[in-house]
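*Asks:* Based on the sequences and whatever the hints tell you, model everything.
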Amino acid sequence: MAATAALAPAAEISENKVVKPQWKAAIDFKWIRDNKEDVAVNIKNRNSNANLELVLELYDKMLNLQKEVEGLRGERNNVANKMKGKLEPSERQKLVEEGKNLKEALTTLEEDLINLRDELQLEAQCIPNMTHPDVPIGGEDNSKLRNMVGSPRKFDFPVKDHLQIGKELDLIDFDAAAEVSGSKFYYLKNEAVMLEMALINWTLTEVMKRGFTPLITPEVVRSSVVEKCGFQPRGENTQVYSIEDSDQCLIGTAEIPVGGIHMDSIVAESSLPIKYVAFSHCFRTEAGAAGTASRGLYRVHQFSKVEMFILCKQEESDMYHEELIKIEEDLFSSLGLHYKTLDMATGDLGAPAYRKFDVEAWMPGLERYGEISSASNCTDYQSRRLGIRYRPSESPSTTSKKGKTNQAATKFVHTLNATACAVPRMLVCLLENFQQEDGSVIVPDALRPFMGGIEAIYPKSR
Amino acid sequence: MATIPISSSSSRFIFRTLPKTLNHALFSRHTPSKAPPFSVLIRALSAQAAAAAPAPAAEISDNKVVKPQWKAAIDFKWIRDNKEDVAVNIKNRNSNANLELVLELYDKMLNLQKEVEGLRGERNNVANKMKGKLEPSERQKLVEQGKNLKEALTTLEEDLINLRDELQLEAQCIPNMTHPDVPIGGEDNSKLRNMVGSPRKFDFPVKDHLQIGKELDLIDFDAAAEVSGSKFYYLKNEAVMLEMALINWTLTEVMKRGFTPLITPEVVRSSVVEKCGFQPRGENTQVYSIEDSDQCLIGTAEIPVGGIHMDSIVAESSLPIKYVAFSHCFRTEAGAAGTASRGLYRVHQFSKVEMFILCKQEESDMYHDELIKIEEDLFSSLGLHYKTLDMATGDLGAPAYRKFDVEAWMPGLERYGEISSASNCTDYQSRRLGIRYRPSESPSTTSKKGKTNQAATKFVHTLNATACAVPRMLVCLLENFQQEDGSVIVPDPLRPFMGGIEAIYPKST
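Chain order of the listed sequences is A and B.
Here the first sequence stands for residues 171 to 632, where the numbers follow my numbering.
Here the second sequence stands for residues 162 to 670, where the numbers follow my numbering.
Any given hint could be a false lead.
[Claimed, not checked] Here are the computed lysine-lysine pairs in the DSS-like style, where the Cα-Cα straight-line distance is at most 27 Å:
hint	chain 1	residue 1	chain 2	residue 2
1	B	Lys483	A	Lys337
2	A	Lys630	B	Lys417
3	B	Lys417	A	Lys337
4	B	Lys483	A	Lys630
5	A	Lys206	A	Lys254
6	A	Lys445	B	Lys668
7	B	Lys521	A	Lys630
8	B	Lys375	A	Lys445
9	A	Lys330	A	Lys510
10	A	Lys379	B	Lys375
[Claimed, not checked] From the derived model, a few chain A residues whose C-beta atoms are all more than 12 Å from chain B:
hint	residue
11	Ala196
12	Lys252
13	Gln263
14	Gly269
15	Asn285
16	Gly320
17	Pro328
18	Gln418
19	Leu442
20	Glu530
21	Gly609
Hints listed in this document are in silico derivations from the structure and should not be mistaken for laboratory results.
For every residue, glycine included, the Cβ atom is placed at its ideal position computed from N, Cα and C.
*Replies:* And the structure:
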């Protein structure tokens, strides 16, 4: 999801050809105006196409137009009030005339105001999230090393890549899937099935121990939810599969249906943080991806993933970001992987991310590090679009959807998401790192109880 | 040999009548004039419950002749030689297949084929004659003759292609034959094969799974309705563990019985869906299609598994091939409504473990019994009360030669609900998927599109059976094992797969 181009918001063309946004983000225009230098620098650092000047211009116009409209409304009320008293017929007639003119002018201006607000919304939705001050500025190469665990294993025999191992141990079939489904689809067979189930079960168990509520989510969602999370279902080179004759899409990550759970609601502050660990299949078109970075299980159209998601108070998101990356590192260390954790540079952040940590694990068959997980702090970018707020707990309140109470002003939650386990990339790591000279693959200790005690995958005699 | 008339031959006549019958074939059929009976809708799991003949996919080519996108290896000669039995079968299954037309087209095709062969023979004669020494006038005559023959041949060959295409489209609609023991009639004629257990007697008010799911914070339909639409849901807390336990336990149990485990793609080409006997593009289709693509979402792992050995010849020694496949399944459930759709009973997305067997022709009845036995063992192990039915002809989908359904008692719904289906499709799917085996008098190896001059190949028989459809199992477990205090007991076999949990308890909030 590293696309840095500004989001093209979904919009519908209404009958009079004004483009209306399908949904509205609760953007803080005043804050943007009051911090426009910082916002401009941020947009530049992230290579975003957002047009800040236009946003500020439209905002200004909108404020003025709003004043005009309020002014006209005031005048119209005056006229209406005057008409309540005793009047000469000629006076009354003059007032009626005035009222009519005011009404027409008001109608026009109100329509203009609506159009202006819509255009402002569409432009402003393109503005990416702000950036944590510690994030390095620049392209991917500027990403900063946070942590390195282990070192590349030294092999004293020729190293095979996961595709060859998968073939020899009858674990993966890409050929049959190419006929049945197309390229970048695959069947898992035999012990690879048990390995996938073990990875999912073990990961769910480990993360649940840390207080996360387990979920299994829908994999078909409305496209508006996809957009509110910061993805572009209908952009060129979109990653998103759409369902024919429907406004629905397939999810590329459980982050989307989980983000949607508390859409348009106010949660009690006492319920925060809300921590979910969600299992789902994920579907990605991988349009635009090609070359050696696409080989085998490294880049596929469908895969299983366990995802962590946190909703929390604003002041706590940095802390939970640290917690999430720590959980990921614990998991990968437990499996015996050699990996490095990176603080991704501004050019590599997607629009929603305030800060993003990627973990890249050593893949000896590919002879390089490959991304196995990503942990993002999206602060209030997604919650302003999904409409997820909390009420600070001076006053007792309860969780309610669209609740209306006259109490302390609500704030937007901060949301974070992090990959606990992306199965195909884990399979690449396990097969390539734990291969033995005799062609077998050792199963890491942590997974053995979840595989009926199997200690290794052996070549099968025919 | 008499000269062949070029125009106004019987073959021309055939060609002219074709477009009319083609229109008839495509547009007057297969949009069922009546909705399927309500009770049939309950059998959503056995997605082949639609008794209407499948409408084959066809493309309109440039010259507006409808061509089938793929061809089934249909045994026309057998159909002709057994036409009374085929006709009775079509009637018993309420199929719209037009047997008369198929036989007529087949006959015409055979005749046309003879004509074409005759013309080819004559053309060869002419060509041979022209090799020798000839008078110029004789040569000219032969050249003229050869030219006429070539034109006539081209026309007839084109007619033959069109005829074959139409024959294929019509014949694809003919449903599979039926096992002689299958009861004839509608759903009510289905025969009881087995009954295990009896409905539990409750001494407290029984809740349905939706209420239990809400009270124990296990299922959320409301949030999913906002995010995805109706009939979608989130599983939470112990329900997640229950789903994982069901899948893991089922895979383990079936693997013990010699089945190879698989995890399959859930996006497949629509042609594969059709070859398995489903209709991705029919009205009220169960199938989700992907935009700007010829791909669909699977409604069952039967489809990607059936496709694994597409267009290949397997060694007889490798049979039977037994797979147990885990996948998510997606179904539009278009046309389903009412109380038979409540909660987890009918949903758009669910997890399922499916068994699939490819075997020799003479062994499919035996493996059908094996599959239903495995299913019954699984459900008995979980402590469910259920009955097994031999489904009547009116309830068989086009591919099924015979189908056993298992219906389990669901006290919250106060009725039996289908939890699994086991079908013997004999060679219906394999003739479409192109899966054959070579009897092993001669040594041979597995090969895709292998060409060897050995014993004639035969079509495998395929069978499929539900080992575990998770949402319906959740309905059964939650409703049958609920306790008065609001908790739900976890069946023994699942406990080791749930970290030892013995019951799901109400949570203090």
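*Asks:* Hints first: check each against the structure and report whether it holds.
*Replies:* Hints, one by one, checked against the model:
Pair hint Lys483 (chain B) plus Lys337 (chain A) holds up; C-alpha atoms about 20 Å apart against a cutoff of 27 Å. A distance of roughly 17 Å separates the Cα atoms of Lys630 (chain A) and Lys417 (chain B); the hinted pair therefore holds under the 27 Å criterion. Restraint check: the Cα-Cα separation between Lys417 (chain B) and Lys337 (chain A) comes to about 23 Å, which is no more than 27 Å; the hinted pair holds. In summary, the hint linking Lys483 (chain B) to Lys630 (chain A) is supported, as the alpha carbons are separated by about 17 Å, within the 27 Å threshold.
A distance of roughly 48 Å separates the Cα atoms of Lys206 (chain A) and Lys254 (chain A); the hinted pair therefore is violated under the 27 Å criterion. Distance restraint check for Lys445 (chain A) and Lys668 (chain B): the Cα-Cα separation of roughly 17 Å lies within the 27 Å cut-off, and the hinted pair is therefore satisfied. As the CA atoms of Lys521 (chain B) and Lys630 (chain A) are separated by approximately 25 Å, the hinted pair is consistent with the 27 Å bound. Using a Cα cut-off of 27 Å, the hinted pair Lys375 (chain B) and Lys445 (chain A) holds, with the two alpha carbons roughly 20 Å apart.
Straight-line distance between C-alpha atoms of Lys330 (chain A) and Lys510 (chain A) comes to about 22 Å, which keeps the hinted pair within the 27 Å bound. The hinted pair formed by Lys379 (chain A) and Lys375 (chain B) meets the criterion: a straight-line CA distance of about 23 Å does not exceed 27 Å. Residue placement check: Ala196 (chain A) keeps its beta carbon more than 12 Å from all beta carbons of chain B (closest about 17 Å). Taking the minimum C-beta to C-beta distance to chain B, about 48 Å, the non-interface status of Lys252 (chain A) holds against the 12 Å cut.
Every beta carbon of chain B lies more than 12 Å from that of Gln263 (chain A), the smallest distance being close to 53 Å; the non-interface claim holds. At roughly 43 Å from the closest C-beta of chain B, the C-beta of Gly269 (chain A) stays outside 12 Å, upholding its exclusion from the interface. Every CB of chain B is more than 12 Å from the CB of Asn285 (chain A) (nearest about 28 Å), matching its label as outside the interface. The non-interface label for Gly320 (chain A) is consistent with chain B: the shortest C-beta to C-beta separation is roughly 29 Å, beyond 12 Å.
For Pro328 (chain A), the shortest C-beta to C-beta distance to chain B comes to about 28 Å, beyond the 12 Å cut-off, and the non-interface label holds. Its beta-carbon lying about 7 Å from the closest one in chain B, Gln418 (chain A) breaks the requirement of being farther than 12 Å from that chain. Look at Leu442 (chain A): its CB is around 16 Å from the nearest CB on chain B, clear of 12 Å, so calling it non-interface holds up. Here Glu530 (chain A) stays apart from chain B, with its beta-carbon at least about 25 Å from theirs, past the 12 Å limit.
For Gly609 (chain A), the condition that its CB be more than 12 Å from all CB atoms of chain B holds, with the nearest at approximately 19 Å.
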